[in-house]
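Student: Fit chain B to the given chain A structure using the hints.
Sequence lines, in order, name chains A and B.
For any residue, its number in the numbering used here is found by taking its place in the first sequence, counting from 1, and adding 41.
Every letter in the second sequence is one number past the one before it in the numbering used here, and letter 83, counting from 1, is 74.
Note that these hints are calculated values from the structure, not bench results.
Owing to the predicted nature of the structure, the values given are computational and were not obtained by experimental measurement.
Ideal Cβ positions, reconstructed from N, Cα and C, are used throughout, including at glycine.
One thing to keep in mind: the hints can contain errors.
[As the list claims (entries may be wrong)] Covered stretches of chain B (in silico footprint by chain A; criterion: 3 or more residues with CB under 8 Å from a CB of chain A, positions within the stretch not fixed):
no. : segment
1   : 98 to 107
2   : 114 to 125
3   : 287 to 301
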Amino acid sequence: MESSFYFIQLLNGIQYGFLLFLMASGLTLIFGIMGIINLAHGAFYMVGAYLCYWLTGITGNLFTGILLAIPLSILVGYAVERLAISYLYRRDHLYQVLLTYALILIANELQSILWGNDVHSVPIPELLRGSVQLTDNQAYPVYRLFISATCILLAAVMYWVIQKTRLGMTIRAGASNREMVQALGININWLFAIVFSMGAALAAFAGMLAAPVNTVYPGIGDNILIISFVVVVIGGIGSIKGAFIGALLIGLADTFGKVLLPEMASMVVYTLMAAVLFWRPQGLFGKV
Amino acid sequence: MHTVTRPIIIFLCLCLALLLLFPMVGSAFYTGLVTKIMILSIFTISLDLLIGFTGLVSFGHAAFFGIGAYLLAILFGDLEHINYWWSLTLTLSLTGLAALLVGWLCIRTSGIYFIMLTLAFAQMFFYFFFESPRFGGDDGIFMMNKPEITLATRQLVDLDNEHDFYYFVLAWLVGVYLFLSMILRAPFGHVLIAIKANEQRVRALGYSTPHYKLVSFVIAGTIAGLAGFLEAAHTSFITPAYLGWHESGMAIMMVILGGMGTLFGPVIGTFIVVLLQDFLPNFTEHWKLIMGGIIIFVVLFLPNGIAGLIYSISNRFFSRENSGREG
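Excised from the complex, chain A in its bound form (with noise of 0.2 Å):
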């Protein structure tokens, strides 16, 4: 009874470990290769969840929902990248700071605009809907296993894509020196759309997965916004690698954190940050 209610806590934190780092991996990416410091982020999120509500409840089916709700996260993400975003690659961070700040006003007022300040639930499928029987009275639902595999197998394309593949290879060179990938030739403008787009996809992504299990509601991307900053900040800015050690490490903190200090559950966190940091200024995988 005890290790399998433990067992549980740990298939939870790592599930939330793997959405948020659906979150971070795009923002550090626009961090490392835009230099762009995006609050906007938890709005992808947001616009991921409310898109996934309302095309799930239009098709009345969670994959057919998500599987249109993709290419429209993508098509947000770029436009927010020419129509806002690019006028602030030139510009110092804190210019950065408010403009992304006021897209989050604007974001949360359109929501709520759009579906209103309700809390809305999204079904889970019928093929999902089951939980696996662990112990006579403990059981896990088999949807949070679907998103954690989902990530799994997405955090295994992004090693492909970033590792393996041409643009990867151009991804990589910018995070590591971008006048240098400037200077050689490659249109920047283009990368920095590709990865904007893509950041934002991923964490709408994240918003659509989690949308089942959390509820829908307003506001609900501010939360995951600043715990992916500290994802962010522990694994090391432009890190993917950091990036996913930092999510599942945040995970894990956070869920073992609310079962066993249940008073101060979200210092948990925050103070794990501050400890990494105290050690090692840069994050665990940062350039110095």
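Tutor: Frame of chain A, contents of chain B only:
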């Protein structure tokens, strides 16, 4: 950094005169609102010391505002008689200590790391108050009484009186303004401004820049705590939202809109933003949409803020007078 030229001094004196006269004509509601704006101005001026003068973009400055407010309410909220001098001293020194701790950890980083670290620490304090039932949790905390300002058993200012409170806050605002402009004119301030321009050169000149940045961070944090102290005394009610990152974001907005790197700019920015926040909801419940639009406009077209406009206007009309004095 801009030198404060004579037309600017005249402009500031006019503003001060308006503020001095306002309670005589304004209604009680607006006197209270302007009091709130002046308290927030103290907070945004302190943020300007970091952003506009030292070049440290803190995205968690609201934490110190909230800490100052909470300390007053937690330590003294239940007392029948709150001694102003003791409560102020204790609140400010503890807030300064918090700023020293956070600053010490954050100063070791720079750029994006610094922004996110300050944000993360602010969230840490936010959740500390949000989740602790002892300090009111997400409901916030009430104060029964206001601090009593007495000197040798004689009451100097009656904080229960809205007019007295107004002038009391105005005095603090002027005091903080003068204190910071004094600091910035001193050699210490010149080092801060030089750090913003080019930290490596300042280090090459032999200055220990981390120490300067840390002192700047502590001063700014302590003044933010002062603003929080005044806010708690003014409203007698504190919620964790004071420490939230939306507050920090709006504070940055006020500094930029008003004009960073000038001490009076943030005050102008605070007035405009708070009045808009008060005014826009009358038109539409989706007023944050308009707010977002204004922020984007400022970022794209008005990066030096309103103070920048004032400077360019005053330079055009008074260019003979201050040519060559612009720093």
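Student: Determine for every hint whether it applies to the structure shown.
Tutor: Verification of the hints:
1. 98 to 107: Contact hint for the segment 98 to 107 of chain B vs chain A: holds, 7 residues under 8 Å.
2. 114 to 125: holds (count 7)
3. 287 to 301: Contact hint for the segment 287 to 301 of chain B vs chain A: holds, 5 residues under 8 Å.
In terms of the numbered hints stated before, the structure departs from none.
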